[in-house]
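Add chain B to chain A, keeping to what the hints say.
Chains as they are written, first to last, in our numbering: chain A, 5 to 384; chain B, 5 to 384.
Simulated from the structure, these hints should not be mistaken for laboratory data.
Predicted, not measured: the structure shown is a model, and the values here were computed from it.
Treat the hints with care, as some may be off.
One copy or two, it doesn't matter: identical chains are merged, so the pair holds either way.
To be verified - Cross-link-like lysine-lysine pairs, in silico, DSS-like; alpha carbons within 25 Å at most:
1. K120 - K297
2. K23 - K285
3. K198 - K120
4. K285 - K120
5. K216 - K177
6. K285 - K12
7. K120 - K12
8. K285 - K29
9. K216 - K147
10. K198 - K297
11. K29 - K120
12. K348 - K210
Protein chains: 2
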Amino acid sequence: MINFSINKTAFLNNLRITKQAISSKVAIPTLSKIKIDVSTEGITLTGSNGQISIENFVAKEDENAGMLISQPGSILLEANFFESVVNNLPEITFDFQEIEQNQVVLTSGQSEITLKGLDVEMYPRIQEMATENPLKIKAGVLKEIFTETAFAVSTQESRPILTGVHLTLTDNKLLKSVATDSHRMSQRIITLDKLSEDFDLVLPNKSVNSFKSVFSDDDTELDIFFSSNQILIRNETISFYTRLVEGNYPDTNRLIPSEADYTLDLTFDVANLRHTMDRAKLLSNATTNGTVKLTISGDTITATVNSPEVGSVHEEITPLAKSGDDLTISFNPQYLIDALKVIKEPEVRIRFISAVRPFTLVPKSDTLDFVQLVTPVRTN
Amino acid sequence: MINFSINKTAFLNNLRITKQAISSKVAIPTLSKIKIDVSTEGITLTGSNGQISIENFVAKEDENAGMLISQPGSILLEANFFESVVNNLPEITFDFQEIEQNQVVLTSGQSEITLKGLDVEMYPRIQEMATENPLKIKAGVLKEIFTETAFAVSTQESRPILTGVHLTLTDNKLLKSVATDSHRMSQRIITLDKLSEDFDLVLPNKSVNSFKSVFSDDDTELDIFFSSNQILIRNETISFYTRLVEGNYPDTNRLIPSEADYTLDLTFDVANLRHTMDRAKLLSNATTNGTVKLTISGDTITATVNSPEVGSVHEEITPLAKSGDDLTISFNPQYLIDALKVIKEPEVRIRFISAVRPFTLVPKSDTLDFVQLVTPVRTN
Numbered sequence: 005m006i007n008f009s010i011n012k013t014a015f016l017n018n019l020r021i022t023k024q025a026i027s028s029k030v031a032i033p034t035l036s037k038i039k040i041d042v043s044t045e046g047i048t049l050t051g052s053n054g055q056i057s058i059e060n061f062v063a064k065e066d067e068n069a070g071m072l073i074s075q076p077g078s079i080l081l082e083a084n085f086f087e088s089v090v091n092n093l094p095e096i097t098f099d100f101q102e103i104e105q106n107q108v109v110l111t112s113g114q115s116e117i118t119l120k121g122l123d124v125e126m127y128p129r130i131q132e133m134a135t136e137n138p139l140k141i142k143a144g145v146l147k148e149i150f151t152e153t154a155f156a157v158s159t160q161e162s163r164p165i166l167t168g169v170h171l172t173l174t175d176n177k178l179l180k181s182v183a184t185d186s187h188r189m190s191q192r193i194i195t196l197d198k199l200s201e202d203f204d205l206v207l208p209n210k211s212v213n214s215f216k217s218v219f220s221d222d223d224t225e226l227d228i229f230f231s232s233n234q235i236l237i238r239n240e241t242i243s244f245y246t247r248l249v250e251g252n253y254p255d256t257n258r259l260i261p262s263e264a265d266y267t268l269d270l271t272f273d274v275a276n277l278r279h280t281m282d283r284a285k286l287l288s289n290a291t292t293n294g295t296v297k298l299t300i301s302g303d304t305i306t307a308t309v310n311s312p313e314v315g316s317v318h319e320e321i322t323p324l325a326k327s328g329d330d331l332t333i334s335f336n337p338q339y340l341i342d343a344l345k346v347i348k349e350p351e352v353r354i355r356f357i358s359a360v361r362p363f364t365l366v367p368k369s370d371t372l373d374f375v376q377l378v379t380p381v382r383t384n
Numbered sequence: 005m006i007n008f009s010i011n012k013t014a015f016l017n018n019l020r021i022t023k024q025a026i027s028s029k030v031a032i033p034t035l036s037k038i039k040i041d042v043s044t045e046g047i048t049l050t051g052s053n054g055q056i057s058i059e060n061f062v063a064k065e066d067e068n069a070g071m072l073i074s075q076p077g078s079i080l081l082e083a084n085f086f087e088s089v090v091n092n093l094p095e096i097t098f099d100f101q102e103i104e105q106n107q108v109v110l111t112s113g114q115s116e117i118t119l120k121g122l123d124v125e126m127y128p129r130i131q132e133m134a135t136e137n138p139l140k141i142k143a144g145v146l147k148e149i150f151t152e153t154a155f156a157v158s159t160q161e162s163r164p165i166l167t168g169v170h171l172t173l174t175d176n177k178l179l180k181s182v183a184t185d186s187h188r189m190s191q192r193i194i195t196l197d198k199l200s201e202d203f204d205l206v207l208p209n210k211s212v213n214s215f216k217s218v219f220s221d222d223d224t225e226l227d228i229f230f231s232s233n234q235i236l237i238r239n240e241t242i243s244f245y246t247r248l249v250e251g252n253y254p255d256t257n258r259l260i261p262s263e264a265d266y267t268l269d270l271t272f273d274v275a276n277l278r279h280t281m282d283r284a285k286l287l288s289n290a291t292t293n294g295t296v297k298l299t300i301s302g303d304t305i306t307a308t309v310n311s312p313e314v315g316s317v318h319e320e321i322t323p324l325a326k327s328g329d330d331l332t333i334s335f336n337p338q339y340l341i342d343a344l345k346v347i348k349e350p351e352v353r354i355r356f357i358s359a360v361r362p363f364t365l366v367p368k369s370d371t372l373d374f375v376q377l378v379t380p381v382r383t384n
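Looking at chain A on its own, in the form it has when it is part of the complex (with noise of 0.2 Å):
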């Protein structure tokens, strides 16, 4: 019969964490639950939505929890409603007890609230892994290769595949984030400070999410591990399980242009050409192939959208700087957006091959291995 008193905002706090994994519309009712797990050492806060899972650890010893456990046990609570109520308790702390079997009482200030709970059993086990051997990275590091690949995947379940992030480890040390779909592609290349097990693995691009809002501290080390169908990446307090997506990613360096193929160099600054961008936009929502058209003539650059309906832009624009030859070339602005979107450093260097070759962008300082590919509309 369960039994402890904690800090609120706290509690509420780890709760939401938890909560990440959590979604109210999933098929097995018992999802929508959260377990509730005390021991003598802490308490663990399980959710689960069948794709990922996460078990937040809140130690005894927290200083923001102000944790008393009188008994330990667990318990399945409803975790909206149960969010819903704690975060209206009236004072900073509250008394948790299970006064009967799966019926806990809550108690704070002159406010007792009762749920009824379910029994753990009921709860769906989260497949174990052998934790050896870990990759070892920050937080902030995965986060940020992430974000720079994540928002190119396709969002059409044809191909499943190409939903997911293509995370690899190759020569023990290179890490390699990439996404495609189809229209346009990010890769990006970092390489790691310790030696680890070569891997190779497609992760769900909304367990990428998940991932990113649950490890909010960009400092924080994490433990990676990996099996057939899930990866587990934990810090001390936090295990977040995710399912892979099944099949054979397709083999994206073959998409990488060599030098010798390109004809037209460029560098714009990342800012103004991305607002060129946003405006066209406006206007190529409107068009029927929905494409930006740029015209790179002698010492001329200019963007062009021309709507029969709706109006037309047309605008000039300067690079920083040029060398090869004249091209006219049509693409989806959106896809130039997304990819401006993501380069940190104020330069860009664009590489064209030809109005129908994809075109490559990468940071102009070029310090990081980072290579965008967006693929022209054939127009005319």
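Quick look at chain B alone, frame taken from chain A:
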């Protein structure tokens, strides 16, 4: 052929005021447009959704606008699209030039955007009104009495008259705002500084909300004019027209109990009582009748909700003052929450007659002529 230049931010701010009358979901396609009338005196931006119409005048002398008018004229442009385009222009000013009939070019920096418009003859005319003997009132005062009452309007279309706010002037100076959905009522009366002609009308709640956001400056002095089916509220630059709800509003005066009827008089801390009701609501949402039970017995006041499936709340409330008989009464906690939300003073006086008669709330200080009524729910 219109030609002017203007500060982008100032123009956008004015455009957004007018746009509050423009809905993209209107049956008449012309109403998705904004009407731009340029005279030698300034620019008038007009928008309408058929119920509400806004004319917003930007004077040539407006310092923020930095306007330069070369040629007057009028045009209709697609409102949402036009706003997006202006918002994305690169420089702090832009030129607006009509290059051929109903086609304009916006030029800003290196960017040239051509927009196709329509002839202003296609735009419906706003019904004219006699603008004599206005009621004069500060925007902040009118907004406050709307805030105190409009939340109680009905959302049910079965009695359209109750979906509006009943606004009356009697004795040439008593301005009363009332709203009720037949479960609760809120009534606020203020005395005007200047005498005005009596009136009796019902404002649609949507118009009340628009009015509050259009006149964002509480200190602005408003002139209000009435006709049989619309009112005009205006200050120096904005004219806000709205149609009225047709029909006769029920007599709500008879709902307010006479002093002699009360049998129980309680005073509460507004914030504490509201938090208790917030918690009660969490559980009452899961019950069949959706009520909280208040038991007043001697010096003890208890709020309870019992949901057989979900759980229960049991909470003691300490009143700041009490006189009168014991009582047990059940009601929807949301109505009490809504009522407490609009009481700015720290204490509220609640008086009861019986378990089946409405109870009343007034701010404790009682310097305001502000009364609210909540109808209880008869349980078992």
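| Is it within, between, both, or neither for K120 and K12, if the alpha carbons may be no more than 25 Å apart? | within (20 Å within a copy, 58 Å between copies)
- If the cutoff is 25 Å on CA atoms, where do K216 and K147 land: within, between, both or neither? Let me know, please. Answer is within; shortest intra-copy Cα gap is 6 Å, inter-copy 43 Å.
As a check of your reading, is K216 near K177 (CA-CA no more than 25 Å) within one copy, between copies, both or neither? within (22 Å within a copy, 60 Å between copies)
When no copy is named, should K23 and K285 be tagged within, between, both, or neither for a Cα gap of at most 25 Å? Close across copies (22 Å), not inside one copy (37 Å); limit 25 Å.
Intra/inter-copy verdict for K285 and K120 if alpha-carbon distance must be at most 25 Å: between (53 Å within a copy, 17 Å between copies)
Open item on the list: Reference check for the pair K198 and K120, CA-CA at most 25 Å: within, between, both, or neither?
Closed with: neither (49 Å within a copy, 60 Å between copies)
**Status of K120 relative to K29 across identical chains (alpha carbons, at most 25 Å)** = Answer is within: at 21 Å inside a copy they meet the 25 Å cutoff, but 45 Å across does not.
Is it within a copy, between copies, both, or neither that the alpha carbon of K348 lies no farther than 25 Å from that of K210?
For K348 and K210, the Cα distance is within 25 Å only inside one copy (24 Å; across copies 44 Å).
Can you give me the call for K120 and K297, within, between, both or neither, at a CA distance of at most 25 Å? Only across copies: K120 and K297 sit 20 Å apart there, 62 Å inside one copy, limit 25 Å.
#### Entry: K198 and K297: within-copy, between-copy, both or neither at 25 Å Cα
Classified as neither: same-chain Cα gap 46 Å, cross-chain 63 Å, threshold 25 Å.
Cα distance capped at 25 Å. Does K285 pair with K12 within a copy, between copies, both, or neither?
Between copies, since 20 Å is at most 25 Å while 47 Å is not.
For K285 vs K29, is the C-alpha pair at or below 25 Å within one copy, between two copies, both, or neither?
-> between (35 Å within a copy, 23 Å between copies)
Checked against the numbered hints given earlier, this structure breaks hints 3, 10; the rest are met.
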